[in-house]
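If you read the protein sequences in the order shown, they are chains A and B. The numbers in the first sequence follow this note's numbering, run straight up by one, and end at 302. The numbers in the second sequence follow this note's numbering, run straight up by one, and end at 354.
I should point out that these hints are in silico values taken from the structure, not numbers from a laboratory. There could be a bad hint or two in this list.
As the list claims (entries may be wrong) - Simulated restraints on C-beta separations:
#	chain 1	residue 1	chain 2	residue 2	range
1	B	P110	A	L268	35 to 41 Å
2	A	F284	B	N179	39 to 45 Å
3	A	L296	B	P110	33 to 39 Å
4	A	V55	B	R352	49 to 55 Å
5	B	N192	A	L275	38 to 44 Å
Note that the Cβ used here is the ideal one computed from N, Cα and C, for glycine as well.
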Amino acid sequence: MDVVFLIAAATLRVATPLILCAMGGLLSERSGIIDVGLEGKMLMAAFFSAAVAAVTHSAWWGVAAGIAAAEAMALLHGLACITYRGNQVVSGVALNILASGLTIVWGNAWFQRGGQTPALEGQGERLMPLFFPRAGDSILVYAALLSVPVTWWVITRTRFGLRLRAVGEMPLAVDTAGISVPWLRYRAVLLCGLLAGLAGSYIAIAQNAGFTRDMTAGQGFIALAAVIFGKWRPFPALGACLMFGLLDAVAIRLQGVRVAGIEVPVQLIQALPYLLTVFLLAGFIGRAVAPRAIGLPYEKEH
Amino acid sequence: MRSRRPLPAWAEIVLLPLVNIALAFITVGIIVRIIGVDPLRALELLVVGAFGSPESIGYTLYYATNFIFTGLAVSVAFHGGLFNIGGEGQAYIGGLGCGLAVLALDRYLPIWLMIPVGIAAAALFGAAWAAVPAWLQAWRGSHIVITTIMFNFVAAALMVYLMVNVLIAPGSMTPQSRNFEPSAFMPAMGGNALNLSLVLALVCCVGVWGFLWHTPWGYALRTMGHNPEAAVYAGTDLRRMTMLGMCLSGALAGMVGVNELLGVHHRIVLDFPAGYGFAGIAVSLMGRNHPFGIVLAALLFGALQQGGAELSFDIPTINREMVVVIQGLVILFSGALVNLPRPWLQALLALRRS
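I would like the entire structure built from these sequences, with the hints used as guidance.
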């Protein structure tokens, strides 16, 4: 029983940033803006939340700074993709590389620890578990779980959500109805920034006690994979995040375990989210169809 | 927004890219200023660090070699309208192929045979790693951008597994293979890391130029990039062109393995692609997808890499990762925000005409 509890808790801990990030990516992609830059937004948020939490000794200022940093990146992405109709994938790649460099350069300049931020002291500077000290259930874990029904409700039950989906499928129709395509997409991109900011803050000041270089370690891409795996729908994406989280949680426990006489390589389990996504996209397990206008800049005729 | 006259060709080809790059470097200057260093002093140290001595020039050219390979890789795919973000993984697997060939044969083959076999193996493995995403896009309709990203991670996991469990030298504590025999050492040019791979890179440049602009396949590939429907109408098999473009791209990325493993490390190590694959996107964008431009851009990035390393010794507040920041900004301004200065230039040129 205890093992089950620990594995479930570990799954949830690992899945939390994935869920937050995936909901953000989902909102952005449903509006037609590809977000390859989730990783960069999370990394930037992780750095600023840890840096500000260390300086102000307040976890909450840390979270605020993390959100602000991710929003700044989101605005840049919006500027490039929506206002200047640039290539969305190129913009995302640029933001990832920029974040990976800037966090280390600034971290090194400000704290002289080779890119790390000072270690955060338990209570106050970090977000601590609320109910189960062994489970690590900080408030952001619950926020992540809550973000899924909220995203679902926003997308399927509100006027904003309806328009958001429409702008991702056929922006011309939305424009013809007299609704601003850029403003809708900006709101989607900014919501994505908010969620990615929470995800990054969680990694730096709840899951860990400070920032280390490249600490997001591909989780933004796993979240992106979860969005695709969930076929751009919130609850299936949650399922994918939990599955990837479970894989990660058992990977540590499976180290050295033999199945039918063959040792399961940990690396195989680590690579599974990526491999499964490739299989899914190739149509070997179901079919994932992206929003129709995804990746296409909208140009108003004039 | 009122539509203006399009820019004249010279402004489109020369002025706009220069303005974009200038914007990127102005932003770099601001960031350097923010961390409390005089940008001009940093620039001076950087230039001296990159070109100040024969040794530093050697390192600059050695880094540039990698950037040429990955820049060419990105641009070949890009001419076919394919965005290959998998250069990192293809370089990794290309290096694996190169290393495996050497580990198998370096005790039997003379150097003049071993080196070409190593190069061929790198090209083959790099191409194979790119062929899977290409096949998946061409036949199964999955998007090449996502698949190549995923393949980078799969390559990294595979390499860690192989190095830790299979290829590790007996008795070694760190995950690296046994040392290659001297028959697999790429001949050095000068004293340090610079080796004949630079010549290979320049040959690849000429080859890519000849392929793209002087062969029917290159023509078909570029047509596919410009207008896939027209390409189909002209009888081009898009699936085969996708495979060809991506395999060439992967083979070029795999050459990083030649420069790194045959040229410098002389064994298989972990993490040798070290971001060159991603940097190739910046090189390609900056070089306007033309081999000549790519050589210039690769030289610049090589100088930044080498000069940046020297700079971080002199001014510890500036980190080596400054180079990564510059790469990101170049991709942002010459790629994603390429249209940013266009209205300014249009207004400026319109002003001159009236």
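Evaluation of the provided hints:
1. Checked against the given bound of 35 to 41 Å, the beta carbons of B/P110 and A/L268, roughly 39 Å apart, stay inside it.
2. A/F284 and B/N179 have their C-beta atoms about 42 Å apart, which keeps the hinted 39 to 45 Å range intact.
3. For the pair A/L296 and B/P110, the supplied restraint of 33 to 39 Å is violated, since their beta-carbon distance comes to about 55 Å.
4. Here the CB-CB span from A/V55 to B/R352 is close to 50 Å, well matched to the stated 49 to 55 Å.
5. B/N192 and A/L275 have their C-beta atoms about 40 Å apart, which keeps the hinted 38 to 44 Å range intact.
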